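Chemist: Going down the list, the protein sequences come from chains A and B. Offset between the first sequence (1-based) and our numbering: plus 329. Offset between the second sequence (1-based) and our numbering: plus 329.
One or more hints might be untrue.
The list treats identical chains as interchangeable, and a pair is accepted whether it falls inside one copy or across any two copies.
Said to hold, decoys possible - Below are the DSS-like pairs computed for lysine-lysine, each with C-alpha atoms no more than 27 Å apart in a straight line: (1) Lys388 - Lys484; (2) Lys499 - Lys350; (3) Lys454 - Lys596; (4) Lys587 - Lys548; (5) Lys429 - Lys587; (6) Lys429 - Lys548; (7) Lys450 - Lys587; (8) Lys548 - Lys388; (9) Lys562 - Lys578; (10) Lys541 - Lys450; (11) Lys349 - Lys577; (12) Lys349 - Lys484; (13) Lys596 - Lys350; (14) Lys413 - Lys567; (15) Lys429 - Lys365; (16) Lys596 - Lys450; (17) Lys464 - Lys388; (18) Lys368 - Lys450; (19) Lys365 - Lys597; (20) Lys367 - Lys499; (21) Lys597 - Lys587; (22) Lys562 - Lys530; (23) Lys530 - Lys464; (24) Lys499 - Lys530; (25) Lys484 - Lys367; (26) Lys541 - Lys454; (27) Lys596 - Lys562; (28) Lys429 - Lys356.
None of these hints come from the bench; they were simulated from the model. Quick caveat: nothing in here was measured; it's all calculated off a predicted structure.
There are 2 protein chains.
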Amino acid sequence: MNIGIVGLGLMGGSFAKAVKKYGIANKVYGYARSEKSKKQILELNLVDELVDIKTLKEKSDLIVLAIPVENIISFLPNLLDIKKEQTIMDLGSTKEFIVKNIPDVIRENFVAAHPMCGSEKFGPKAAMDNLYEGKTVVLCDLEDNSEIHKNRAVKIFQEIGMRLVFMNSKEHDVHACYMSHLPHAISYSLANTVMNHEDPKSIIALAAGGFKDMSRIAKSSPDMWTDIFRQNKDNLLKSIDLFDNHMKKVRYMVENDKYDDLEEWMKKANTLHEIL
Amino acid sequence: MNIGIVGLGLMGGSFAKAVKKYGIANKVYGYARSEKSKKQILELNLVDELVDIKTLKEKSDLIVLAIPVENIISFLPNLLDIKKEQTIMDLGSTKEFIVKNIPDVIRENFVAAHPMCGSEKFGPKAAMDNLYEGKTVVLCDLEDNSEIHKNRAVKIFQEIGMRLVFMNSKEHDVHACYMSHLPHAISYSLANTVMNHEDPKSIIALAAGGFKDMSRIAKSSPDMWTDIFRQNKDNLLKSIDLFDNHMKKVRYMVENDKYDDLEEWMKKANTLHEIL
Numbered sequence: 330m331n332i333g334i335v336g337l338g339l340m341g342g343s344f345a346k347a348v349k350k351y352g353i354a355n356k357v358y359g360y361a362r363s364e365k366s367k368k369q370i371l372e373l374n375l376v377d378e379l380v381d382i383k384t385l386k387e388k389s390d391l392i393v394l395a396i397p398v399e400n401i402i403s404f405l406p407n408l409l410d411i412k413k414e415q416t417i418m419d420l421g422s423t424k425e426f427i428v429k430n431i432p433d434v435i436r437e438n439f440v441a442a443h444p445m446c447g448s449e450k451f452g453p454k455a456a457m458d459n460l461y462e463g464k465t466v467v468l469c470d471l472e473d474n475s476e477i478h479k480n481r482a483v484k485i486f487q488e489i490g491m492r493l494v495f496m497n498s499k500e501h502d503v504h505a506c507y508m509s510h511l512p513h514a515i516s517y518s519l520a521n522t523v524m525n526h527e528d529p530k531s532i533i534a535l536a537a538g539g540f541k542d543m544s545r546i547a548k549s550s551p552d553m554w555t556d557i558f559r560q561n562k563d564n565l566l567k568s569i570d571l572f573d574n575h576m577k578k579v580r581y582m583v584e585n586d587k588y589d590d591l592e593e594w595m596k597k598a599n600t601l602h603e604i605l
Numbered sequence: 330m331n332i333g334i335v336g337l338g339l340m341g342g343s344f345a346k347a348v349k350k351y352g353i354a355n356k357v358y359g360y361a362r363s364e365k366s367k368k369q370i371l372e373l374n375l376v377d378e379l380v381d382i383k384t385l386k387e388k389s390d391l392i393v394l395a396i397p398v399e400n401i402i403s404f405l406p407n408l409l410d411i412k413k414e415q416t417i418m419d420l421g422s423t424k425e426f427i428v429k430n431i432p433d434v435i436r437e438n439f440v441a442a443h444p445m446c447g448s449e450k451f452g453p454k455a456a457m458d459n460l461y462e463g464k465t466v467v468l469c470d471l472e473d474n475s476e477i478h479k480n481r482a483v484k485i486f487q488e489i490g491m492r493l494v495f496m497n498s499k500e501h502d503v504h505a506c507y508m509s510h511l512p513h514a515i516s517y518s519l520a521n522t523v524m525n526h527e528d529p530k531s532i533i534a535l536a537a538g539g540f541k542d543m544s545r546i547a548k549s550s551p552d553m554w555t556d557i558f559r560q561n562k563d564n565l566l567k568s569i570d571l572f573d574n575h576m577k578k579v580r581y582m583v584e585n586d587k588y589d590d591l592e593e594w595m596k597k598a599n600t601l602h603e604i605l
């Protein structure tokens with residue numbers, strides 16, 4: 330099988346490395362827009378060949394869209410004339426809006442996937458050959474795909490070592506909001522709280538595991554995350570409100586010396602331990 | 330030198346292991362209140378001998394208080410009759426309130442220390458022999474200690490591999506609030522937001538690095554953290570308000586489709602990268 334990957338940053342570059350590592354692709358073709366990215370992709374030897382969109386479309390059995398979620402939608406008009414047996418797959422962090430915007434003519438070909446893995450690093454240099462191993466991929470609305478495309482996607486994700494979860498795209502967006510989008514909003518807020526302090530350097534000199542963990546994803550790509558927040562707007566706003574209720578609660582308990590209640594509330598948070 | 334450690338959980342137990350590992354103590358004495366802890370301490374061989382408070386006081390050149398911050402203050406009346414050359418040291422996460430409550434008669438003996446390291450795990454079983462290595466310890470208000478106690482503390486922390494930072498206790502409490510106490514309030518809130526959802530299990534099944542990192546410290550000891558929030562109340566309330574301003578900001582930008590502003594705000598958070 331030949332695989333064409335559009336966008337070779339953290340997700341796409343790591344996908345290229347994984348399909349090579351597991352011998353899944355005969356040839357890996359890549360498409361990138363910026364000259365800077367192209368140079369890095371070639372230096373890092375991420376693909377067999379960098380090509381234009383037309384060539385990538387002609388040569389690939391599977392076309393993987395590993396670009397920011399807004400770009401996925403604007404890229405789709407390029408793919409309206411693909412053949413019946415060509416598979417398209419996206420790796421975006423939101424699913425409902427993308428699925429709604431897939432043109433009918435390629436709906437059966439388009440597999441909506443979200444590998445639940447990543448890193449705060451981005452760009453071709455962030456690519457690693459084991460990003461996907463042992464992680465979970467969510468496959469959405471597979472009933473809308475024809476067998477050949479569904480089976481191809483399932484097989485590839487299994488072969489690169491992922492655990493598969495199936496759900497509809499609406500449900501996915503709620504789950505992904507709590508597990509990823511809300512945590513990003515919080516982490517960006519925490520980082521900005523500290524960076525806006527009068528002397529962030531001397532404060533951060535004391536950073537230990539807690540702050541390092543809590544602020545890591547605040548280093549993520551603004552380009553990519555602005556798009557995700559836009560596409561999952563309603564779920565994100567709702568989750569921020571629910572989170573905010575808890576911040577109000579802890580503030581109230583501390584201000585009013587309700588330390589028994591505070592301890593109970595912390596114990597409730599501890600129960601996460603039983604699941605994760 | 331003989332060292333007596335009061336409380337042999339994560340911090341005290343790890344301190345016992347470190348001073349043994351680096352051959353700093355001839356004898357390590359321990360004091361613990363609960364029978365469960367005593368049993369674990371003996372099984373884990375954390376100290377040379379478990380003793381009562383009187384014996385620990387008679388035999389130790391250095392007495393380390395590794396108990397929750399409220400307990401440190403209530404323990405001090407036990408130590409009023411120590412000798413001039415005996416050092417007391419606490420490892421608590423707050424400093425100003427503790428320092429204010431040190432009785433005059435032992436003020437010169439009492440070194441206020443905060444090792445900026447930890448783990449969400451607690452109790453004797455959480456003890457590890459390298460917890461302190463390569464981490465930062467903040468030593469506060471050392472000008473109030475006599476030379477022998479100051480030098481003893483500095484020497485020990487250097488010998489177990491720590492980086493030393495000196496500041497006054499008031500400044501420490503602001504710094505520690507942003508680097509540790511606020512992140513704990515946030516992490517507990519995030520965990521509670523998810524645990525209060527109608528189906529936390531199926532949501533958490535999708536947890537990846539982001540959520541795992543952001544919720545890790547929500548598993549920390551409620552007993553210990555209730556005390557810390559109480560003792561650093563004013564700084565914590567102020568920091569929650571500043572953090573809350575950023576959560577309001579991200580909410581406003583998403584709700585009102587201000588995506589250019591959102592991207593700028595995320596880029597500002599990214600600058601943390603330059604420091605941490």
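Chemist: Indicate which option fits the pair lysine 349, lysine 484 if close means a Cα-Cα distance not exceeding 27 Å: within, between, both or neither.
Modeler: Within one copy only: 15 Å inside, 53 Å across.
Chemist: Could you place lysine 596 and lysine 450 in one of the four classes (within, between, both, neither) given a Cα distance threshold of 27 Å?
Modeler: between (34 Å within a copy, 14 Å between copies)
Chemist: For the identical chains here, do lysine 365 and lysine 597 meet the 27 Å Cα criterion within one copy, between copies, both, or neither?
Modeler: The answer is between: 23 Å across copies meets 27 Å, while 49 Å in one copy does not.
Chemist: Could you place lysine 388 and lysine 484 in one of the four classes (within, between, both, neither) given a Cα distance threshold of 27 Å?
Modeler: within (20 Å within a copy, 67 Å between copies)
Chemist: Is the C-alpha distance from lysine 464 to lysine 388 at most 27 Å within one copy, between copies, in both cases, or in neither?
Modeler: neither (29 Å within a copy, 53 Å between copies)
Chemist: Using 27 Å as the alpha-carbon threshold, which applies to lysine 596 and lysine 350: within, between, both, or neither?
Modeler: neither (44 Å within a copy, 34 Å between copies)
Chemist: Pop the pair lysine 484 and lysine 367 into one bin, within, between, both or neither, using alpha-carbon distances up to 27 Å.
Modeler: Neither: 29 Å inside a copy, 54 Å across copies.
Chemist: Checking an output row: lysine 429 and lysine 548, CA cutoff 27 Å. Within, between, both or neither?
Modeler: For lysine 429 and lysine 548, neither the intra-copy (30 Å) nor the inter-copy (39 Å) Cα distance is at most 27 Å.
Chemist: For the identical chains here, do lysine 368 and lysine 450 meet the 27 Å Cα criterion within one copy, between copies, both, or neither?
Modeler: For lysine 368 and lysine 450, the Cα distance is within 27 Å only inside one copy (18 Å; across copies 46 Å).
Chemist: At most 27 Å between alpha carbons: which applies to lysine 530 and lysine 464, within, between, both or neither?
Modeler: Result: close only across copies, 17 Å inter versus 35 Å intra.
Chemist: Give the relationship of lysine 429 and lysine 356 under a CA distance limit of 27 Å: within one copy only, between copies only, both, or neither.
Modeler: Neither: 31 Å inside a copy, 70 Å across copies.
Chemist: Can you tell me if lysine 562 and lysine 530 fall within 27 Å by alpha carbon in one copy, between copies, both or neither?
Modeler: between (33 Å within a copy, 23 Å between copies)
Going down the numbered hints, you'll see the structure goes against 2, 6, 8, 11, 13, 14, 15, 17, 20, 25 and 28, while the others check out.
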